[in-house]
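Visitor: Once you've looked at the hints, dock chains B, C and D against the given chain A.
Protein chains in written order, with our numbering: chain A, 1 to 349; chain B, 1 to 349; chain C, 1 to 349; chain D, 1 to 349.
Keep in mind that the hints were calculated from the coordinates and are not lab data.
Incorrect hints may appear among the rest.
Same chains, same names: a pair is fine if it fits in one copy or spans any two.
Below are the DSBU-like pairs computed for lysine-lysine, each with C-alpha atoms no more than 30 Å apart in a straight line [said to hold, decoys possible]:
hint, residue 1, residue 2
1, Lys317, Lys181
2, Lys289, Lys328
3, Lys274, Lys32
4, Lys317, Lys274
5, Lys317, Lys151
4 protein chains.
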Amino acid sequence: MPFIQKAKKRLFLGQTNENMNIGIIGIGRIGKIHLQNCLTHFREINVLGAMNPSQSGRNYASQLGVPMVTNDASELIAHTDIDAILVCSATDSHATYVEQAAKAGKAIFCEKPLDLSLDRVRQTLALVEECGVPLMLAFNQRFDPSFAEAKQLIDSGELGSIRSLRLISRDPGPPPLSYIKRSGGMLMDMTIHDFDMARYQVGAEVVEVYARGANLVSDEIKEAGDIDFASIMLTFSNGAIATIENCRETSYGYDQRMEVFGSNGMIRIENPVKTSTLLSGPLGTLEGKNLDFFMDRYAESYRLELAAFFEALTAGKPMAATGYDGLKAMEIAEAAMRSIAQNRPVRLA
Amino acid sequence: MPFIQKAKKRLFLGQTNENMNIGIIGIGRIGKIHLQNCLTHFREINVLGAMNPSQSGRNYASQLGVPMVTNDASELIAHTDIDAILVCSATDSHATYVEQAAKAGKAIFCEKPLDLSLDRVRQTLALVEECGVPLMLAFNQRFDPSFAEAKQLIDSGELGSIRSLRLISRDPGPPPLSYIKRSGGMLMDMTIHDFDMARYQVGAEVVEVYARGANLVSDEIKEAGDIDFASIMLTFSNGAIATIENCRETSYGYDQRMEVFGSNGMIRIENPVKTSTLLSGPLGTLEGKNLDFFMDRYAESYRLELAAFFEALTAGKPMAATGYDGLKAMEIAEAAMRSIAQNRPVRLA
Amino acid sequence: MPFIQKAKKRLFLGQTNENMNIGIIGIGRIGKIHLQNCLTHFREINVLGAMNPSQSGRNYASQLGVPMVTNDASELIAHTDIDAILVCSATDSHATYVEQAAKAGKAIFCEKPLDLSLDRVRQTLALVEECGVPLMLAFNQRFDPSFAEAKQLIDSGELGSIRSLRLISRDPGPPPLSYIKRSGGMLMDMTIHDFDMARYQVGAEVVEVYARGANLVSDEIKEAGDIDFASIMLTFSNGAIATIENCRETSYGYDQRMEVFGSNGMIRIENPVKTSTLLSGPLGTLEGKNLDFFMDRYAESYRLELAAFFEALTAGKPMAATGYDGLKAMEIAEAAMRSIAQNRPVRLA
Amino acid sequence: MPFIQKAKKRLFLGQTNENMNIGIIGIGRIGKIHLQNCLTHFREINVLGAMNPSQSGRNYASQLGVPMVTNDASELIAHTDIDAILVCSATDSHATYVEQAAKAGKAIFCEKPLDLSLDRVRQTLALVEECGVPLMLAFNQRFDPSFAEAKQLIDSGELGSIRSLRLISRDPGPPPLSYIKRSGGMLMDMTIHDFDMARYQVGAEVVEVYARGANLVSDEIKEAGDIDFASIMLTFSNGAIATIENCRETSYGYDQRMEVFGSNGMIRIENPVKTSTLLSGPLGTLEGKNLDFFMDRYAESYRLELAAFFEALTAGKPMAATGYDGLKAMEIAEAAMRSIAQNRPVRLA
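Looking at chain A on its own, in the form it has when it is part of the complex (with noise of 0.2 Å):
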């Protein structure tokens, strides 16, 4: 039963004990988490099948009580009971399995990008559009409760106009080169979080760009012909100006901290710590380190995630993060890498 008129029954015919069926398409890394997730929400989500190439990852279903396990997507895409499709596979079958998804009228979450290619992405988003079905991006940093507090702080007038916003994004240490070398570059796999972060957070689109790219941490990556350090400025069509700095490495841990300086005052996101102690001694006094990656930093992002795209689904509301802002980000990541080949600003269309 399509998601609409089972969101219409649960809203006005008052049957709210119908939960939503949901198909997940990859129970890798990511699948993973956002189909534990989705077990904390049994009294509205059943999550019906699941589909994983290999084997584990359909044992691993099947042990959380996944009735049905595949490793045919299409086998989840035709089912009539399911009413959304989570694409969680690797990158370069989003675009196929949200098209899928799409002519089959389901509601889909697919995790970002939607394909490394500006032109496909562009014609997967306009047959969603004619499909008609609701599609929710998985900018998930968007959800975690810091990063929220601060665009409702912006949103609400108490900040001011913003003038500048700086973002740092500091990865504890590199993925592997066979990561790096599909991952269409590090500005489109890594910065793609913080372009779309800082769109968000200024609420205006960005008009230019200046980026460069070095190589500081490793000799491997730029044999790779990646780059593992970017710096790079943005000007907002409302005249913010934002600089975002990315490294593929840390001594200390994830490093990712926003801050947003605006007429009235100024946000600052800081690094939530593992522990809450300190300890004083002769040197000072420690604090506790920075959370150790992603994993940890945004557990709670993905579960409020998947939470909105259920909402969004079921009260008919339109999502939090869609197709266009995927596709918006990717041009400012194309912007910033020919800013980097070519060293001068470059406009956006």
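Guide: Just chains B, C and D, lined up with the frame of chain A:
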């Protein structure tokens, strides 16, 4: 099959594919937490059965896939496939279920306190010892990562000899009067955690207590015969001096902090906050709010406490918090109540 | 010319160009601080004379341009052009100089304590009152911007009714044994600041004291008949309960903090640090070191304390810290010493 | 007597009782600070004379005991007993006084900038070098304890190789328009400190600049032909990349922070606050306010800067901030202005 044989099969015979089977008695607020946390151990733990007097708790367990639900605890305790019993029912039933489970040869995890009567606690512990079954008493705060880190720093000698320990526990608001009347009093209900934590961190026994109680929050609590504020000084056998402050109300959320001062340095545990967002304006910089209450603050500790129980069972190791620990904390609470009544320091036997 | 006439001329006759003339008795460690701070008031204050028993102190004063230097305090006290006397000499001479200055009609600023004997303090205060001269007792910590801000928040009602106050004062290391032997004991020498601060912040009188003393730092201090650690509980007439902890040694610099918990919120004063530099690495983030000792921590308070003395004189207002305040703090100290000796709570008259 | 001979007599002949004699040109805001700080060096430094065009400044110096006051700078410069000249007058007179003092063989301490014209700066520096006199340019922030500690950590290798440096300088409010019009522009007047700090901390030269300027604060500043916001990216010869953000206004006091990210860790310098008081209530915890402006924030740096000048003179060591440093900072500022004008990265010679 008794847990010891099962653990042996796992450890020595390599038969690691056999799960531990669990029965939960009581699916109220804390029972639901433990049940959900059991599910995250789905590879090692089966929740075979759940008992709850009312239907709603039994429905909750069913929806989460627990195969056997009942309103009769003895069914679970008698079930031969069940290896361990989690006692999460009302306080006045703890001792009875623990005794039944001990006689049935089950491993036991029991919410604190075992009973409000020191005599009954001693009797029950004697029976548990006689039966030779493992018993963990749920002092969950010991498993909180910050408190655990402090304990580790102390045990490693990093802090030197302990000179003083300071604990502050202030609840955001008082519980219902009906709860307070059955609670055994603030010292037995709330400070009990601090008495245990002080013993745990200092690693010595309390030899003398001086306490003052007061009614600074609510006249109703006074009329119910309880205090809502306490300030307590403990002297330990190793010379360390601890102070504990408790209050049933704050205007700023849950407040639970510790400070341990040693010859080599100082450890402090501060309150974690809801977000790592800072807002700067003309009045200064506003940090995030405290967490609301123990359910948020100690969510992680509940997970880790249960993991420690299962790990100790499997490895045949001693429990990290025992019935004896519960007894000692109650003895301190009882001495503190006498100190308040008589306004003098009271020595412990 | 007596200070009152001079103040009147300033305030009412508009003759504001006439400076207050000052004499300083004692150019030791604290006298040098006050002398230098007088110089920053060079537009309103003339230091006309300085007395010191030894040549080096007199040389110091001469180099800073003090016109009259002497080893005879009565010369300064008798000098008709001197309006106010700062008593910065050894403790056992305070009462004598204060009495002489009072008889000579001078305004008096005196380092604490007035005397180690409660009886002598009472006699001296009676004489000062009889002579009708203003006397400020140098409880400098009251003028520290952080402690003053706390007092202001409390007096404004922002904090609501005070439930508890917590003071920690830990020195970086013990003073010389020779000093300890003449000090009147840790409670009279060191805790006296905390007793005054507790009274000052709570705004009520102490009605009962319970104290424990210990020797946790040094055997030599024990042999000298003093303690080096104390934990104290104070009950105030308004129901607030304070705890004070003092220690003569830390591994991590000067540690002096306060916490005031009220029905509307909580104020904390944390230790200021040497630099605002943070260093992040694999072990976590290292904050700056604590300040070394009170000379750094309270440099600003000494400036503001002297300014408050001059301002009160000029405006004819009451002193912000009086001889009575000194007396009350000593009475609490005396009660705390009895509490330790008898291991029981002691009520104040 | 020239400073070198005097220093030699001190160092090698043991004649340490002879003070350095100083003349100060300009007793305005900054001249008063330096004059007061000279007084705290009263054992090693005599302020022999002070020049100021207006009477009020001369009175100030007289009241503080300076024996010779004049409105004629050449009197001081020609005085044979004066060893060193502090140039604290209006910017457009700096170069002239420095040249006169150099010809007279005096050691020179000069407020920045030497001149607004790069050509004139180069000429003056050439003359100073020819005359062989020591010249310190007053980049006071280098002597701030926090920034000095960062430099030390970097130089010690603790931070590893520097990857990026981030500087934020935001003034609490813009200076008067009359000042802005004579200032040489925000980049030359305000960012100049950051350009120097970036060079100082990174320990390498800037090879390329990209800058964006904007008017986000005040239309009047725009009409006066200046910007009030700038975002700048610097590339250094060693590959490090720095970003600088400047703004002429905040709602929350003076904001000046630095972050240095290296292969081994990260250093941050945060804003010091007025008090170490924290206030917790329903909205969260309010930390202290930022300091008002540079006079508070850098009071200590002015003291230490002057001490460093005297120490270098006495020891015959090189100055910690030279005319060359001033020249390099101006060259970067000039390149940044061209970058804004042409919206392209600009390489430095």
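Visitor: Next step is simple, just say for each hint if it's right about the structure.
Guide: Do the hints match the structure? See the list:
Taking the shortest Cα distances, Lys317 and Lys181 never come within 30 Å of each other, neither inside one copy (38 Å) nor across copies (47 Å). Taking the shortest alpha-carbon separations for Lys289 and Lys328, neither the intra-copy value of 34 Å nor the inter-copy value of 34 Å comes in at or below 30 Å. Proximity of Lys274 and Lys32 under a CA criterion of 30 Å is satisfied in both settings, with 23 Å inside one chain copy and 26 Å between copies. In this homomeric assembly, Lys317 and Lys274 come within 30 Å of each other (Cα to Cα) only across copies, at 27 Å, whereas the closest approach inside a single copy is 36 Å.
Proximity of Lys317 and Lys151 under a CA criterion of 30 Å is satisfied intra-copy only: 19 Å inside one chain copy versus 49 Å between copies.
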